[in-house]
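S.K.: Sequence positions in the first sequence follow the working numbering and run 252 to 1075.
Hints may be right or wrong, so weigh each one.
What the hints assert, rightly or not - Once the Cα atoms are required to be at most 30 Å apart in a straight line, the calculated DSSO-like pairs of lysine-lysine come out as: (1) K403 <-> K466; (2) K403 <-> K477; (3) K652 <-> K477; (4) K466 <-> K832; (5) K466 <-> K445.
In case anyone wonders, no lab produced these hints; they're calculated from the structure.
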Amino acid sequence: MSSLYPFEQIETSVQERWKRENAFSLKDRPGQKTFYCLEMFPYPSGRIHMGHVRNYSIGDALARYKRMRGFDVLHPMGWDSFGLPAENAAIQRGIHPAAWTEQNIAHMKEQLGRLGLSYDWSREVTTCLPEYYRWNQWFFLKFYEKGLAYKKAGLLNWCASCLTVLANEQVEEGLCWRCKSPVTLRSMEQWYFKITDYTGELLDALSDLHGWPEKVRIMQGNWIGKSEGAEIRFAVQDSPVELSVFTTRPDTLFGVTFITIAPEHPALDGLLPLSPQKASNEAFIREVLHKRTTDRNTEPGEKEGVDTGLRVVHPLTGDILPLWIGNFVVASYGTGVVMGVPAHDERDHEFARKYGLPIKEVIAPPIAHEPHPPGMAYTGPGHLIHSGSFNGLSNELAKGKIIAELENRGKGNRKVTFRLRDWGISRQRYWGTPIPIIYCEHCGTVPVPESDLPVILPRDVAFTGKGGSPLAESESFYRTTCPNCQAPSRRETDTMDTFVDSSWYFLRFTDPSNPKEPFAKDAARRWIPVDQYIGGVEHAILHLLYSRFFTRALKDLGIVDSPEPFRSLLTQGMVLKDGSKMSKSKGNVVDPDHLVERYGADTVRLFTLFSAPPDKDLAWDDKAVEGAYRFLGRLYQRVSEIAKNPSPAASAKDTGNPAQKSLLAKIHETIRDVTFDLESNNQMNTAIARLMELLNALSAGNPENPEEVPLLKEGYTTLILLLSPFAPHLSQHLYALLGHKGLLLDQPWPEAREEAMVREEIPFVIQINGKLRATLMLPPDIERADLLKKALEDERIQRNLVGMKLQKEIYVPGKLLNLVVVPR
RNA sequence: GCCGAAGUGGUGGAAUGGUAGACACGCUAGGUUCAGGGUCUAGUGAGGGCAACCUCGUGCGGGUUCGAGUCCCGCCUUCGGCACCA
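The whole structure should be built from the sequences, with the hints applied where relevant.
M.R.: The following block contains the structure:
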């Protein structure tokens, strides 16, 4: 394919000019309005892919636009550079994670440079450097002091491939989020951040995040999982133990026929010795727990249970009910004990039928309700039956009454339960932030003193790939002395989840080289929250929830003012090829380097922005890329042509020529529409379409005609200004070619002038009974009566009115006339 | 199962309740060219007509309205998230 314009030469020379003039360095002027534009920083895997290109093209267009609108724009980039792939490279190829990471960063930085993205690289942040991760450690110590970081043992998600534990959020359908291998359970001790202290806040504040997509807010809301109900206590017969159950259906309390407890529930330690079936119970528990540590528990299996032989007392009726152990009861949710109401809960129903437990109906469906199929639980609304003094009440009303009765008797209370659990941050891996804790035989768990930070991750460790963290094998690392008593002690050898790194990097960007603090409070006050955050929806829960938690915790530490990190969030769609996500295994990967080489950075950027709205998936189409390329080539040709004509670019005068007037109106309508598209919803695809229309309109002009040239030059100059956020290199080049000095980034965004958009005639739509019958070109301010007269004069309208009686007309000023007619 | 989003030409996609299909890809014809490529011009939802025009058309079925891709009710399909959460 031949070259439509010398993009390579243009892009190289424009990039050199940007560099020479320091075009992207932050102008941080006191009193100036600010805009913080941030794209999710990448993991340095080695090469950028089309998803990155799309993400950064959107962010760069916005950053450039805001800068032209007069904002001081903070637009930084960095590297989320701790993580497993680096460690795997070390094991597989013998290269040190640090060296591998450095190489990758160098290469990716070059790739980003080639795209001409307007980052202020003097503010680069790299999370695997001690200057950064020391503040992870510092935050950890602050959290530890406040009880927000703690250690506990428990059954944890274990990925046998990554050889590390995973947080709940990092298990997807029973598989590891990173390597997709099955996750099993393993009993271990690990460190947690107490995100549950913020559950209520994190949930409630979601409704104020108006700049976030509804979808993401709902996903986070579901993840936090608030449910309202009651906690009800059942006394165990012949024992001092009371078992609490959590239920959202206290109205079905009279339908309880058994109680089920989770196999790993701590109360069982005390209860099992009392059980007549102690041996078989223990065998059952062992079996269930064994299965859970070996099965890839992607979907619920068969419900299984065993009777303990123990009995509990119903808190209102005094009925004696059996206590069962059930594999389907989740120990970590609610109280780990559930009341069995087989008539009105499908799971309990299945369980009761399998084990022959009684089924007692207590909710009668409304009469109008179709009878539900027998052999199934009825979970809908209704009124109470077989429920003593509560009979006849609607079940919604009964919830409150029954709770009140339980409260009277001291047997229960209203209760709100959340699904969200604390964030486990320990990872049994090398390439991460060392957790600043020392274990001393005399003093116990001792935090590393702040003055000893950072705890440096040692370079000289062995990467065997045999399992276990290299740190745990590194004596020079773990052997230390207790800061309290100087006794020989052992360091914690687990490292932090890398999501800790990304939970506050946006704060570090506000003050990236501060050696004394994570960031100055003033800097954060000036820039936080991020005005526009842009990234993939795959982080809707993990990263975005952790960042919200971190920001709130730091606010409580008094170092941030804003409770929320990101004011507006744009979740860009995926880049698809042949109907599916690009991936190496499918062999449908488009390499950004090849595209840039063949078409130039401007074309690649323009296409990714033009072909779909930013939040929708983008279907990559090699052919369609050429459309963007042709547009830029045509613009280059036209501007080069007209630049040769020495007539000046006058500001538009009214020449009285209708074609000229109409072109001027088109120019200003384009300014209005492009600005609206960007301001309202980042509709970059339609903004670019408007620019293509303007080029088509300008192309109709004659660059040889001295009458037309001034307006044409004005038109092209405007087009270039409006195009510059999307195709900055060619725009800058052509801007200079038309004789303008300076960087486009420093030019003010054009303003649409109302009077320039006034057209002598506009199309009026004439409908009959809502069907289009004619369009008439008439002055925009025409009177209703005159419009009707003109319409009735029209031959097409007359023809359609034959045999009809005009009943009324609907008139929309400046737009349309609808004649409502009936047969005569 | 629950929650959410989306269904518009051959394709990607446009349309504050007011001309459905902007803009682009592709395709067709023609100009340029020895030729191919590129590029330029015109056409391009379906059906009918020489034409002016006419009819139909935004997943399906109803409804509201002078007027519905858009609002309301009921379905279908696809995609995404969660999932034994009591």
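S.K.: Could you run down the list of hints and mark each one as holding or not?
M.R.: Against the structure, the hints:
Only pairs whose Cα atoms come within 30 Å are accepted, and K403 paired with K466 is rejected, the gap being roughly 34 Å. A distance of roughly 24 Å separates the Cα atoms of K403 and K477; the hinted pair therefore holds under the 30 Å criterion. Simply put, K652 and K477 have alpha-carbon atoms about 22 Å apart, close enough for the 30 Å limit, and the pair holds. For the suggested pair K466 and K832, the alpha carbons sit about 20 Å apart, so the restraint of at most 30 Å is met.
Taking the CA atoms of K466 and K445, the gap is near 26 Å; set against the 30 Å cutoff, the hint holds.
Hint 1 from the list above is the single one not met by this structure.
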